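Using the hints, position chains B, C and D against chain A.
4 protein chains.
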Amino acid sequence: MPETLIKVDLAQSPYDNENVHNRWHPDIPMAAWVKPGADFILETYDWTGGAIKNDDSAEDVRDVDLTTVHFLSGPVGVEGAEPGDLLVVDLLDLGPKADSLWGFNGFFSRQNGGGFLTEHFPHAQKSIWDFSGIYTQSRHVPGVNFAGLIHPGLIGCLPDKKLLDTWNEREVDFIATAPERVPPLANPPFAATAHMGKLTGDAKAAAAAEGARTVPPREHGGNCDIKDLSRGARVFFPVYVAGGGLSVGDLHFSQGDGEITFCGAIEMAGWVHMRVSLIKGGVAKYGIKNPIFKPSPLVPNYKDFLIFEGISVDEHGAQHYLDVHVAYRQACLNAIEYLKKFGYTGAQAYSLLGTAPVQGHISGVVDIPNACATLWLPTEIFAFDINPGAHGPSLYVQGDTDLPIAYDK
Amino acid sequence: MPETLIKVDLAQSPYDNENVHNRWHPDIPMAAWVKPGADFILETYDWTGGAIKNDDSAEDVRDVDLTTVHFLSGPVGVEGAEPGDLLVVDLLDLGPKADSLWGFNGFFSRQNGGGFLTEHFPHAQKSIWDFSGIYTQSRHVPGVNFAGLIHPGLIGCLPDKKLLDTWNEREVDFIATAPERVPPLANPPFAATAHMGKLTGDAKAAAAAEGARTVPPREHGGNCDIKDLSRGARVFFPVYVAGGGLSVGDLHFSQGDGEITFCGAIEMAGWVHMRVSLIKGGVAKYGIKNPIFKPSPLVPNYKDFLIFEGISVDEHGAQHYLDVHVAYRQACLNAIEYLKKFGYTGAQAYSLLGTAPVQGHISGVVDIPNACATLWLPTEIFAFDINPGAHGPSLYVQGDTDLPIAYDK
Amino acid sequence: MPETLIKVDLAQSPYDNENVHNRWHPDIPMAAWVKPGADFILETYDWTGGAIKNDDSAEDVRDVDLTTVHFLSGPVGVEGAEPGDLLVVDLLDLGPKADSLWGFNGFFSRQNGGGFLTEHFPHAQKSIWDFSGIYTQSRHVPGVNFAGLIHPGLIGCLPDKKLLDTWNEREVDFIATAPERVPPLANPPFAATAHMGKLTGDAKAAAAAEGARTVPPREHGGNCDIKDLSRGARVFFPVYVAGGGLSVGDLHFSQGDGEITFCGAIEMAGWVHMRVSLIKGGVAKYGIKNPIFKPSPLVPNYKDFLIFEGISVDEHGAQHYLDVHVAYRQACLNAIEYLKKFGYTGAQAYSLLGTAPVQGHISGVVDIPNACATLWLPTEIFAFDINPGAHGPSLYVQGDTDLPIAYDK
Amino acid sequence: MPETLIKVDLAQSPYDNENVHNRWHPDIPMAAWVKPGADFILETYDWTGGAIKNDDSAEDVRDVDLTTVHFLSGPVGVEGAEPGDLLVVDLLDLGPKADSLWGFNGFFSRQNGGGFLTEHFPHAQKSIWDFSGIYTQSRHVPGVNFAGLIHPGLIGCLPDKKLLDTWNEREVDFIATAPERVPPLANPPFAATAHMGKLTGDAKAAAAAEGARTVPPREHGGNCDIKDLSRGARVFFPVYVAGGGLSVGDLHFSQGDGEITFCGAIEMAGWVHMRVSLIKGGVAKYGIKNPIFKPSPLVPNYKDFLIFEGISVDEHGAQHYLDVHVAYRQACLNAIEYLKKFGYTGAQAYSLLGTAPVQGHISGVVDIPNACATLWLPTEIFAFDINPGAHGPSLYVQGDTDLPIAYDK
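Residue numbers (the numbering used here), protein chains in the order written: chain A, 1 to 409; chain B, 410 to 818; chain C, 819 to 1227; chain D, 1228 to 1636.
Hints should not be assumed to be uniformly reliable.
Ranges between beta-carbon positions, derived for each pair [said to hold, decoys possible]:
#1 A:G389 <-> D:Q1239: 51 to 59 Å
#2 C:A994 <-> D:K1425: 57 to 65 Å
#3 C:G1210 <-> A:T193: 55 to 63 Å
Cut-off 20 Å, straight-line C-alpha distance, at most; resulting in silico cross-link-like pairs (EDC-like, lysine to aspartate or glutamate) [stated by the list, open to error]:
#4 B:K506 <-> C:D1122
#5 A:K303 <-> C:D1203
#6 D:K1521 <-> A:D304
#7 A:K294 <-> B:D713
#8 D:K1507 <-> C:E1155
#9 B:K698 <-> A:E337
#10 D:K1530 <-> A:D304
#11 B:K416 <-> C:D917
#12 B:K698 <-> A:E315
#13 B:K444 <-> B:E488
#14 D:K1530 <-> C:D1122
#15 C:K1121 <-> A:E380
#16 B:K698 <-> A:D314
#17 D:K1324 <-> A:D39
#18 D:K1324 <-> A:D99
#19 D:K1388 <-> D:D1357
#20 A:K289 <-> B:D723
#21 D:K1389 <-> C:D1132
#22 D:K1521 <-> C:D917
#23 B:K703 <-> A:D385
Some chain A residues close to chain B (C-beta under 7 Å, calculated; not the full set) [as the list claims (entries may be wrong)]:
#24 P216
#25 N334
#26 C372
The set of hints was computed from the structure by calculation and includes no laboratory data.
Being a predicted model, the structure only gives us computed values, none of them experimental.
Idealized CB from N, CA, C, for every residue including glycine.
The following block holds chain A by itself, in its conformation from the complex:
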């Protein structure tokens, strides 16, 4: 049996677990060391460290303190790893904690993080998803059942000081261009809620003051929320510090491309079984800037899709130049309108797009002035026929359920 290098106790605060951290900083001590070729298990909290409960109230989503996220397990040091190497990570398997076979999805209040469609869904809402083996379903979103494309939303190696400084400078300067914006343009370092693993005292204080927040994906990978980084995948990470320092967290049972609901995919506590090895000098050899990866041979094979197009003209008729973000947003809104014809509420439809193995494709990005994006909705996950036909849609979902909502205080 592979060794579990890091354990987490869901009844304990993640701040009390010294093998967990919630900021990126080169000074965070390795939680454990392994040799190249080793395989091992890391347990993880859900990204909020247990702030969201399996109940029917969205108040926890409304009130969550987003300065505390994401709680990552690690860093793991790999003997012999040096800056410029590629750290090869095989995600041999991963899953939910056996004592926690459920996950959550939600939309943050516009006042506290928002989301991709926060103009349309400005209040905190939540759905709970139960796991039955490889499948999941929700009491808040009836009529669907699908196999999970389990993956870590967040994984990567520690930055070195130079890269950290680049991040902080880049993002703090960016915030300064619109400091009053809600939600903000980016999140600056914030020492008060920083958890720096085994660091204590002054060293901790110093690192906490400049530790990069974990929210955005960056050069090292990080919070990429790539659903296809699933169990069985192989990832090649740039190494910046001696030992690499691999950390992982934010496990998802399933997610649609874009993680549009932000809070988030189907978020869960879980474990990752991985093997590590090295390509010495691989960064230069292969010209690597961001991580690259190979997908798993074992992913849910949904192949019948209903595909929604969107272009970069927003819902108010305004023109945006080759803007894929706007185009995908339109495709999402189009899909939501469609799903409402079958009885779903808007919130249920939005939640579905954030959780199901929906694909978001970039279709055309050169046909001025409009980008085109497509949203691929798998039809096989529905308990009824959602294809269009001469008969028109039927109200398969009867309107007696919806996502709990919590209005801003």
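Structure of chains B, C and D alone, referenced to chain A:
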């Protein structure tokens, strides 16, 4: 045998073919009428109407007059189609013209259209792709061979006057925000090179003066450049005018997501065999704004990919807010750098990303401030192993070929 | 455009086309020669040479002279091919003749060939399938529409004299073990209806007297009826004579595993575009006895199946020892009974299993005394839901159609 | 968390676990009862109940007492299930026991069970496969690594007395046709080693005397060894006795079609998480004789294959009439010869065909006198390129490993 409703003669100018047009306008007369349930064939020019030749010079790409494109075959009227219906189009099959078994890909000069990576590839370049049954390969991009994902880059119904006015107003206003920009923000109506099908005289002049350019995708579909709209797919188009008025053109033998090279995919003259039917009142019944579609059961099944990540920090280090366009651009640049390690020139790599069945996925669009996009490069199309390994890359491509280039005059 | 080396005129008897033959013999002269690396097109008759018509009578199926089949196009000589080489054949594309967009499927009378289920379907019956681009449907088998998995039922190289003698000896000896059996155990050489290509006079008579019949698959490949040898596939054939002598015919628009209906798949006249090359000495290098092949990246991607099990206890309760033939027969009978619950006649169901992209898997062959085989029926080809459910089946097919039947005279 | 209804302790003899049985008989008491809709977990021994060890000796395979197998967990009664119903079983997930992350494959001695190729591999041999998350590899078969297609080899409901009598009569009569055969034609009831679950005393003795052996697949399913009955699949079983009485065992981490090595696939101890429901009267409604099933959306997606053909002429040149068993045997032998060219021993190659996700397809079963079968070998599971090419094969496997062998005493 299905009837060929529209024929094109590649030796003839498309301007001399009255069943072809290159603008969108409700007054363009139907080229032919069919009944619901009918299947028929439309032949098409390549999108430039023959301006690009099967040779080893890029001067034609440099000099092409982009006010002439795209030459579409149609419009086809469907009896009984009324505004608010959905026109169901089955793309039963499509292919290259039997006397023209090749296609082209190219990058426009930055002075004449540009492209997704025009800062890095500012000059006109071209590659020619030969078709061998279901496969294609290029004398300008060695080491690859792949099955075509044949599709129309451009297909849709005629707009009504109100929709046309919306387009023109929206885009002309937009151009006005940066009228000197090169390339321009959008393309306004341009009567001089308009081809309005069977319209003649004053009616033609009036329509040409306000006919919408065919470049962008819009609410009716149009130039979506969705590679997955492939032979065997079923598309549901909103109908705006009596009869629908379906036109099609810009056929591609293959294309990567984004059609990043702009000129374009693997562009070809060809034919489309389609069947049409109607869902009466389908626009309201299903809440349709843009077309929706179902993919084909018969598409190239490449499944082993090398996946490149990109984030919305551009190559100069500048931060962009959740900008998928920038993120995909970075993923493309990352892939090009990688391919160069195997001996490809940058232009060859860029061309490959524009032509091969590369997927562009939207991965994370909520993790402020960075969007994350992924580019999926199928590994099976290469004649050699492009996976990373401890050995490092080998120079499989020997540098004795490249894309022809034509510098600005 | 690739050259069409062999043309066939469907209005002409195949006996009048000297580039066609219906027996295997090393003395058949090459119809054409090509160089390694060449690609070219061969047109083919349907396997019966036009004996079966697009009409609603099964009399042609009843009366067909099975000593005349299969009419093959070739042999094509490849310069430099020597015995012991592997001839690599890329099936670049293939399709129906443009003037013949239909195919037939049928069951032979038990008195004239029979079929896999001839005890249950002892009379000649026929269904006609129309092609609509990549799709096919039949007026005799309503409720289904599917994409063709187009392939040659029969392809291979000429045997040398030694191999030919082995075949004849083996099969004639075998017939002698039950010479009166109906249908016979095998088919011996039969000069009267032999067509030996360009051979004439005494040479023809001599070869016709010993030319092997084309019915069975043998060491060289031949009539393997492997549906997965589809367009885009690459096949490696053993070479026995100088030049190889590649012949092809018996094209199928689609077929279920086993070609259980025998007459046959969806049989059609068509064309094959192929490229040939050589692996010198490949037979010994790779230890090859029968052909090997790699499937195409481009095949219909049906993936939702209803799977029927069968074991090697026959429908009369008799036990057979690890007999996969019997097990698959039971799986087929089980599927037919199931389909009848939805309104299909037995003949329609049988025809469907012979034509649709049904898979036949060998499941267990060691669990004495029963073999287990499975029949995989793709659910997506049906216009209605054929899955089992608490509601029970509905009569989607109304019983107003059936296959034409022709009783023995 | 789902309840574990049946636990097994690998340190305890299965004979001491009253929720396990190794014969089929209607009198075996239910180990547990559940309601329709319930989901629950059953743990299982490996099929031999622990007789085969994780070591490098094949003596245990040589000496195993095959009258003891298979040890099944169950039967589970479903409230309300009546004869004639269909029991719907969702295989929600399954896996190896956490304290036993390995499996075995082997060939029995010809004197003790034999196997598909026992003439070529007459002695007991064994390979051990270690599990690393979703992947497996073996110290005895180097150069391969693949994702498991985890499934139960054996699952089904209890027969009623009438069906049991049919089995016993059929098989005992069959044995009588060649009573001295080695290996035997079938296995008769054998009381001495029967384990009848909770039955004791006279009732046990009576049931043991007539309890059907678990080796063959039969009408109820049973030992079908269908690799595609994998986690995520839904199976519909005929019910013969009140409560159904579902039992399961013989779990496989992976298996090739045919389970040709007989001992067996990659055999493991494990657990099955399943949900049960009923279709009342479903047997008659759907005309069901054997179980039917729908495959999982989540199976290893290997798609690049090297495909070997075999025909029903055996390796001694003897002709067999449309015999798929012989044809598949030839395809297997052809694949083994091919693999030996890359350095594998015959035993390694044979083991690989029994364990990897190899497909066995029935290709042609009507082309007298030869059946054609194909063996599909996934190329992606190899650490090297096994495709044929002009270069010829290289000895990637160096011959320093092989399967342990144990000669008959």
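Status of the hints after comparison with the structure:
{"no.": "1", "hint": "A:G389 <-> D:Q1239: 51 to 59 Å", "result": "holds (58 Å)"}
{"no.": "2", "hint": "C:A994 <-> D:K1425: 57 to 65 Å", "result": "holds (59 Å)"}
{"no.": "3", "hint": "C:G1210 <-> A:T193: 55 to 63 Å", "result": "holds (59 Å)"}
{"no.": "4", "hint": "B:K506 <-> C:D1122", "result": "violated (35 Å)"}
{"no.": "5", "hint": "A:K303 <-> C:D1203", "result": "holds (17 Å)"}
{"no.": "6", "hint": "D:K1521 <-> A:D304", "result": "holds (16 Å)"}
{"no.": "7", "hint": "A:K294 <-> B:D713", "result": "holds (7 Å)"}
{"no.": "8", "hint": "D:K1507 <-> C:E1155", "result": "holds (19 Å)"}
{"no.": "9", "hint": "B:K698 <-> A:E337", "result": "holds (9 Å)"}
{"no.": "10", "hint": "D:K1530 <-> A:D304", "result": "holds (18 Å)"}
{"no.": "11", "hint": "B:K416 <-> C:D917", "result": "holds (18 Å)"}
{"no.": "12", "hint": "B:K698 <-> A:E315", "result": "holds (11 Å)"}
{"no.": "13", "hint": "B:K444 <-> B:E488", "result": "holds (5 Å)"}
{"no.": "14", "hint": "D:K1530 <-> C:D1122", "result": "holds (16 Å)"}
{"no.": "15", "hint": "C:K1121 <-> A:E380", "result": "holds (11 Å)"}
{"no.": "16", "hint": "B:K698 <-> A:D314", "result": "holds (12 Å)"}
{"no.": "17", "hint": "D:K1324 <-> A:D39", "result": "holds (18 Å)"}
{"no.": "18", "hint": "D:K1324 <-> A:D99", "result": "holds (17 Å)"}
{"no.": "19", "hint": "D:K1388 <-> D:D1357", "result": "violated (41 Å)"}
{"no.": "20", "hint": "A:K289 <-> B:D723", "result": "holds (12 Å)"}
{"no.": "21", "hint": "D:K1389 <-> C:D1132", "result": "holds (18 Å)"}
{"no.": "22", "hint": "D:K1521 <-> C:D917", "result": "violated (40 Å)"}
{"no.": "23", "hint": "B:K703 <-> A:D385", "result": "holds (13 Å)"}
{"no.": "24", "hint": "P216", "result": "holds (4 Å)"}
{"no.": "25", "hint": "N334", "result": "holds (5 Å)"}
{"no.": "26", "hint": "C372", "result": "holds (4 Å)"}
Violated hints, listed in ascending order, are 4, 19, 22; each of the other numbered hints is respected by the structure.
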